[in-house]
Each structure stands twice: as C-alpha cells, then as structure tokens.
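Asker: When you get a sec, could you build the whole thing from the sequences and use the hints?
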Amino acid sequence: MKDKKTLVAPCGLDCFNCELHENNLTDKLAELIHTKMGVPKEEIACKGCRRQDGKHYHLPPEGCATLDCVKVKCVELCCDCSNFPCAFLAPTADKAAQYPHNMKLYNLCRIKKVGLERWIEEEAGQIRKKYFTGKFVVGKGQAE
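Per the numbering used here: the sequence shown = residues 171 to 314.
Do not rely on the hints blindly, as some may be mistaken.
Straight-line C-alpha distance at most 27 Å; calculated DSS-like pairs for lysine-lysine [as the list claims (entries may be wrong)]:
#1 Lys-282 to Lys-217
#2 Lys-265 to Lys-299
#3 Lys-225 to Lys-198
#4 Lys-174 to Lys-283
#5 Lys-305 to Lys-265
#6 Lys-198 to Lys-265
#7 Lys-211 to Lys-299
#8 Lys-174 to Lys-225
#9 Lys-241 to Lys-217
#10 Lys-241 to Lys-225
#11 Lys-217 to Lys-243
#12 Lys-265 to Lys-217
#13 Lys-300 to Lys-175
#14 Lys-299 to Lys-217
No lab work stands behind these hints: they were computed from the structure.
None of the values given here were measured: they were computed from a predicted structure.
Answerer: Listed below in structure tokens is the structure:
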C-alpha cells in the first residue's frame, strides 16, 4: 500500500494504473511512442510524478506546475489545499481522449470522501477504466 500511496500524483492521477508507468509499460507501447514521437526508449517508462520530481517527456521541460504548487503549499494532494479546486484542475476537451486529466477533480473528490487507501484499493482502477472505455449519457453521466 505504501508504494501505491507514493504513486498517487498530487493532482489525483493514479500513476500506478498508468500505461506509461514502469510496471505497466509494454514493449509494444514503448516502440510506438519511440517511433511516432521520437522519444528515446530509455525515457519512456515513468516512475511516477513524485519519484521523478514532475519531470517526464510528456510534461513541459520545466516540469509539473501542480507538483511545484503542492510543495510550496506544503500539502500532499490538491484536495488538501485551501484553494481546492483551482485552475490547475479545470477540465478541458483538448486531448481528453489521450490523457486522463479530466479525471483529476473527480478522483480528488472521491479521495476526500472515502480516503486515500480505500480509493486506491477499491475505486482508482475502475474510475480510470470507465474514463477511457465508458459511455456518457446526457443527464446521467457515465452509463453503467
């Protein structure tokens, strides 16, 4: 459990379920990223936001501003901040099919409600799966 706690990004993303995480990355995906984006293969696997200090090829060169913010504010997760929610967590349609950025706010609200350990064990994987494979129904949210 301790390892998984360090693999929850401050913004609420579940790094331990990410397909780019070093424990989940397949050779096929690494080859695809290398071929399509020119990223050196040794830079593709991610150890998690906190372990890499917000530095990874898919982030801006200066790193993750959200991680910098929680460090300055001395909180573990964005939902622990007095300014939660803020613009760092605002959902956008841009790249929503590729990145799970629109899950952040929901994840953080669930963490706040059920606790980090329960969210990790019972909810994180299902939320991610529904985000990428679920269907949206107007007026109802996610379809079962």
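Asker: Take the hints in turn and mark each one as holding or not.
Answerer: Against the structure, the hints come out as follows:
The straight-line distance between the Cα atoms of Lys-282 and Lys-217 is roughly 24 Å, inside the 27 Å bound, and the hint therefore holds. With a CA separation close to 17 Å, the supplied pair Lys-265 and Lys-299 stays within the 27 Å bound. Pair hint Lys-225 plus Lys-198 holds up; C-alpha atoms about 23 Å apart against a cutoff of 27 Å. A threshold of 27 Å between alpha carbons decides the hint, and for Lys-174 with Lys-283 the separation of about 18 Å falls inside it, so the pair holds.
A threshold of 27 Å between alpha carbons decides the hint, and for Lys-305 with Lys-265 the separation of about 17 Å falls inside it, so the pair holds. Distance restraint check for Lys-198 and Lys-265: the Cα-Cα separation of roughly 22 Å lies within the 27 Å cut-off, and the hinted pair is therefore satisfied. Straight-line distance between C-alpha atoms of Lys-211 and Lys-299 comes to about 26 Å, which keeps the hinted pair within the 27 Å bound. A threshold of 27 Å between alpha carbons decides the hint, and for Lys-174 with Lys-225 the separation of about 19 Å falls inside it, so the pair holds.
A distance of roughly 19 Å separates the Cα atoms of Lys-241 and Lys-217; the hinted pair therefore holds under the 27 Å criterion. Annotation: proposed proximity of Lys-241 to Lys-225 holds, straight-line Cα distance about 15 Å (limit 27 Å). At roughly 23 Å between alpha-carbon atoms, Lys-217 and Lys-243 fall within 27 Å of each other, so this suggested pair holds. At roughly 22 Å between alpha-carbon atoms, Lys-265 and Lys-217 fall within 27 Å of each other, so this suggested pair holds.
Note on Lys-300 and Lys-175: the hinted pairing holds, with a Cα-Cα distance of about 22 Å set against a maximum of 27 Å. Between Lys-299 and Lys-217 the alpha-carbon distance is near 21 Å, which keeps this suggested pair within the 27 Å criterion.
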